[in-house]
Amino acid sequence: MIFPHEVGDSVSLVERQITVLREKHSKLESQIKEIIEFARVNETLAKNIFKLSSRLIIAKDIKKTFQICNNSLKNDFDIDVSTFILFNEIKAYKNLTANNFTKLVSNNDKDLEPFKKFLSKNIPYCGRKKKSEYNFLFIKKIKSQIKSIALIPLGKMSELGFLAIGSFDESRFHPGMRTDFLLHISELITSKIKSL
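In UniProt numbering, the protein residues as written are 1 to 196.
In case anyone wonders, no lab produced these hints; they're calculated from the structure. Any given hint might turn out to be false.
Unchecked claim - Derived CB-CB ranges, DEER-like:
# : residue 1 : residue 2 : range
1 : Lys130    : Leu183    : 23 to 29 Å
2 : Lys130    : Ile35     : 36 to 42 Å
3 : Ile57     : Arg178    : 24 to 30 Å
4 : Lys47     : Leu21     : 37 to 43 Å
Every residue gets a Cβ at the ideal spot worked out from N, C-alpha and C, and that includes glycine.
Start from the sequences, fold in the hints, and give me the full structure.
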């Protein structure tokens, strides 16, 4: 059956409805693709957290724990650089020496002053810091390449220290991003440290 409609500049009601439906369909299709991509990313993150937890279970000492974490962050999570800022007052760290991915400091070190707000909370910080603060967080040879960071507390109010991770991509870590996976990583590492 054919429905006649006016020809020319005027558009029939049916044609307008079809156009509106096409736009809605296109929008829904785009949203579905976004949801699928989001689910894929979450699945990958969950698998990587599972890998990290499996490896941490077999770590026998604190040095091996931080080696496993550093390797996992680089290889599984594609982190450009990471440093564990650890408070040397913690008994579990007594046999640990500083290296490229661990730094031992006093919990009242003057260089921690710019991080006081972060240290007083139980949530990760994502975004950018002053370049001078990168000097404290990361090894010298790569600090100039870092464009965004995440700071992850270890223990309540960072009682054990914190993990600083840096990216050469300025959009990798930003204030509006979800931090639930960062908190899962924090809980895993904190639990392992406390068990040693």
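### Query
Quick check: which numbered hints come out false for this structure?
none
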